[in-house]
Amino acid sequence: MNKHYKILDKVLTEGHEQHNKKGDIRYLTNEVMRLEHDRRE
Numbered sequence: 091m092n093k094h095y096k097i098l099d100k101v102l103t104e105g106h107e108q109h110n111k112k113g114d115i116r117y118l119t120n121e122v123m124r125l126e127h128d129r130r131e
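Residue numbers for the sequence shown follow our numbering, beginning at 91 and rising by one.
Think of the hints as simulated: they come from the structure by calculation, not from any bench.
From a predicted model like this one, the values you see are computed outputs, not experimental measurements.
One or more hints might be untrue.
[Claimed, not checked] Below, simulated DSSO-like cross-link-like pairs (lysine-lysine); rule was C-alpha separation at most 30 Å, straight line:
#1 Lys96 - Lys112
#2 Lys112 - Lys100
#3 Lys111 - Lys96
#4 Lys93 - Lys112
#5 Lys111 - Lys100
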């Protein structure tokens, strides 16, 4: 399982729910995400 699926799994299992007019979401609090850029030239 790659890192993106691990993060998604964590959101689905440990995330908090928020309900509003546009729909329902699930999110994590106090989670640091880092995006890596491939610097091939």
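Hints and how they fare:
no.: 1; hint: Lys96 - Lys112; verdict: 26 Å, holds
no.: 2; hint: Lys112 - Lys100; verdict: 23 Å, holds
no.: 3; hint: Lys111 - Lys96; verdict: 29 Å, holds
no.: 4; hint: Lys93 - Lys112; verdict: 29 Å, holds
no.: 5; hint: Lys111 - Lys100; verdict: 25 Å, holds
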